[in-house]
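Chain by chain, the residues:
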Amino acid sequence: MKIAVLSGKGGTGKTTVSASLKSSIENCQYIDCDVEEPNGGIFLQPEISNVYPVMVKVPEIIKDKCTGCGECAKACQFNSMAVVKGNVLIFPELCHHCGACILACPEDAMIEVERQIGVVETNSDESFMHGKLNVGEPISIPIIAMLKDMVKDDGNVVIDCPPGSSCTVVESVEDCDFCILVTEPTPFGLHDLNIAVELVKKLGLSFGIVLNKASENSKIINEYCDDRNIDILMEIPFSRKIAEAYSKGILPIEADADLKKEFGEMFRKIEGKVLA
Amino acid sequence: MKICISSSGNSMESVMDPRFGRCEFFAIVDTETNETKIIDNAAAKSGGGAGIAAGQLLVDNDIEVLITGNVGPNANDVLKAAQIKIVRGKKVSLNDNVKMFQNKELEIIEETVPSHSGMK
Ligand code: SF4
Ligand code: SF4
Chain W
370 MKIAVLSGKG GTGKTTVSAS LKSSIENCQY IDCDVEEPNG GIFLQPEISN
420 VYPVMVKVPE IIKDKCTGCG ECAKACQFNS MAVVKGNVLI FPELCHHCGA
470 CILACPEDAM IEVERQIGVV ETNSDESFMH GKLNVGEPIS IPIIAMLKDM
520 VKDDGNVVID CPPGSSCTVV ESVEDCDFCI LVTEPTPFGL HDLNIAVELV
570 KKLGLSFGIV LNKASENSKI INEYCDDRNI DILMEIPFSR KIAEAYSKGI
620 LPIEADADLK KEFGEMFRKI EGKVLA
Chain L
72 MKICISSSGN SMESVMDPRF GRCEFFAIVD TETNETKIID NAAAKSGGGA
122 GIAAGQLLVD NDIEVLITGN VGPNANDVLK AAQIKIVRGK KVSLNDNVKM
172 FQNKELEIIE ETVPSHSGMK
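The listed protein sequences correspond, in order, to chains W and L.
Note that the first sequence covers residues 370 to 645 in the numbering used here.
Note that the second sequence covers residues 72 to 191 in the numbering used here.
Some clues are possibly wrong.
Stated by the list, open to error - Straight line, CA to CA, 20 angstroms or less: simulated SDA-like cross-link-like pairs of lysine to any residue:
1. L:K151 x W:G455
2. W:K434 x W:I459
3. W:K454 x L:E135
Unchecked claim - Some, not all, of what chain W presents toward chain L, calculated at C-beta under 7 angstroms:
4. N448
5. S449
6. V453
7. L458
8. L463
What the hints assert, rightly or not - Not everything, but these chain W residues come out facing chain L in the computed CB check (under 8 angstroms):
9. A442
10. F447
11. A451
12. N456
13. F460
14. P461
Derived by calculation from the structure, the hints in this document are not laboratory data.
Keep in mind that this is a model prediction, so the values were computed, not measured.
Just so it is clear, CB atoms sit at the ideal spot from N, CA and C, and this is done for glycine as well.
Okay, chain L solo, but in the shape it has when bound (with noise of 0.2 angstroms):
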């Protein structure tokens, strides 16, 4: 299974980011052969949509689950369209956030935020 992480930073000790669309990075696990990558959210630099670009990003790396904060409306189709879980994160390191995800002590976030809540 492969695993999404948005993360502040590009290492697999880095904190994750809560944010979905904006964050710099997001690592990528697979949990069958125990690989890790780091790749840079090109999306989190665009004007708008954002966060379809980074759904779209991880529909094309296959993912099965991600591990976030919050996922805003429209990226939150793109998940459900791909039928991608989302996973609400803690703000600790990556490696801790997979660990907790795999020992079931995270939640599954079913709601989503409006669309720019707090950016006004």
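If we strip away everything but chain W, and leave its shape as in the complex, we get (with noise of 0.2 angstroms):
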């Protein structure tokens, strides 16, 4: 089974509840997707045993065959190329790997080279994975889609999502069997919710949530899942030593045996949903 985690924003424990779910279950992968800032190896102390590069195609122009017409540029929907003076100008980091150029170029002018963009990074049986984009690149997209070719088809999988509800999330969540919103109960969280839920629901995914920092302000949220049937699968409550284990990187479920059989049951609950 392939549970995704996600959140409509960064901050809500989306990464505390992802590890701490892969911890309560046997055999199970974990796959760190938030390739911007990856940190569930911060919990989970992987050892990491692989490095396998991201490559990506970009364009790159034989000087000797273009002769400035700049049809390349005007085929690029990706504003990555321009040509000025006769010169062609590519900006590799913009560059989307379409091939539009290419293929628009008269003169056979521009081939296809390669491009690092960042690393996958496993410990050695791949229980662990994680990505990472290089520091000044825009476009992560290569490396989800390469962590999402590793992932085992047999056994259980917990995909810890990129923050936010853009194209990066979609990927990251697309042949999932169940995705796991986490918030938490302010305004901002209810807001960020519900964007997170008309995304789960237009891709037709099952869906449940869990309520992070639980509070007596925990209303509006269960006022939004009563009126619109969405099931909370679990509460974490607001505690001090949860944020006081958070704070040395320890997982709330080592921190407190029973919430550590609540994400067994949360597993359980979500393995019947599935199944049904």
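Grab the two chains, each in its own frame, and use the hints to assemble them into the complex.
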């Protein structure tokens, strides 16, 4: 079973929930798709033994053949080229690797070259994997795609998604059996939760909610979920013990044995929903 | 000489927009004929590379001087390759900016801002 963990924004405890869930399930693979800030490793402490470069193809000009006609830049929908005074300028970081410029060039003056944008790192049995986007690179989809290719088909998988609700999240949740949306009981939390709910509904995925930092303010989330018939799978109380553990890089389930049990129960609940 | 100014509105009385790639309009002033033309900045709404597309627009319009606020590094590469001079305008009307430029009261920008500054 593949479970994606997401939240409308960062900072709601998405990684804490993903890593706790992974640690509460036997034989579970953990994939950190938050490639701009992968921090699941801080809690799970994997021993990285494999590093794979992630390459993309970008165009390069064969100067002798280029007439400076500008067709390539006109074909590029991503503004990653300009043609100035007969010279082609390429901005590889903005390239989406679509190949349109190469098709558009009447002189066959372009070729594709490989360029590294980041890495995928795993431990020896690939039960832990994360991707890292090089600093300054704006496009992370190819790294997430490579991580998703390495998902094990048998067994359980927890996928820690990037924050937000953009195409990187869509790529991360694709093919998952269930989505956990993590939120917190604040107006901002509710606003972002609503966006995440719309997204997973649009993708036709089953989902449930984990309410983090539950307190007397939880009403706003409870009412939202009641109105829409959305399941709250679990509530993690706002507690000093959990916050202290977190600040030391210790998962709440290590600090609180009951919580570990609850995560296990949540997993079985999800299993019941997916298999039903 | 053709001057381009990034603009927040579509008249010469509009205030200059300090953003180059994502301003809504560009005003083009031909100092020889005194003709002015306002064009839409189609690049303003693109996901990425707005500055590059805007730079290309200036190149295609044979602009020699750009009056704006800040230019990002990618746009700067395009403008540099086209030898377009970048001048730091003021948040006043386009007409006033042109006058100030002609009186040599505006500063020539040499440095560019880091990519996506203030947008994270
Ligand atoms: S491959 Fe596509 S995105 Fe990249 S430069 Fe060519 S046209 Fe633009
Ligand atoms: S389309 Fe081909 S020949 Fe024309 S400017 Fe681009 S690379 Fe050069």
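Cross-check of the supplied hints:
1. Distance restraint check for K151 of chain L and G455 of chain W: the Cα-Cα separation of roughly 14 angstroms lies within the 20 angstroms cut-off, and the hinted pair is therefore satisfied.
2. Between K434 of chain W and I459 of chain W the alpha-carbon distance is near 16 angstroms, which keeps this suggested pair within the 20 angstroms criterion.
3. Only pairs whose Cα atoms come within 20 angstroms are accepted, and K454 of chain W paired with E135 of chain L is accepted, the gap being roughly 13 angstroms.
4. For N448 of chain W, the interface hint holds, the least distance from its beta-carbon to any beta-carbon of chain L being 3 angstroms, beneath 7 angstroms.
5. Given the 7 angstroms rule on beta carbons, the hint for S449 of chain W holds: about 6 angstroms separates it from the nearest Cβ of chain L.
6. With a least beta-carbon distance of about 4 angstroms to chain L, the hint placing V453 of chain W at the interface is held under the 7 angstroms criterion.
7. The interface hint given for L458 of chain W is met, as the beta carbon of that residue sits about 6 angstroms from the closest beta carbon of chain L, less than 7 angstroms.
8. A hinted interface residue such as L463 of chain W counts as satisfied when its beta carbon comes closer than 7 angstroms to some beta carbon of chain L; here the least separation is about 5 angstroms, so the hint holds.
9. At its closest, the beta carbon of A442 of chain W sits 7 angstroms from a beta carbon of chain L; the interface hint therefore holds under the 8 angstroms criterion.
10. For F447 of chain W, the suggested interface contact is upheld, since its CB lies about 6 angstroms from the closest CB of chain L, less than 8 angstroms.
11. Taken as an interface hint, A451 of chain W checks out: its beta carbon lies about 5 angstroms from the nearest beta carbon of chain L, inside 8 angstroms.
12. With 8 angstroms as the threshold, the beta carbon of N456 of chain W comes within range of chain L, its nearest partner Cβ sitting at about 6 angstroms, so the hint holds.
13. For F460 of chain W, the suggested interface contact is upheld, since its CB lies about 5 angstroms from the closest CB of chain L, less than 8 angstroms.
14. For P461 of chain W, the interface hint is violated, the least distance from its beta-carbon to any beta-carbon of chain L being 11 angstroms, above 8 angstroms.
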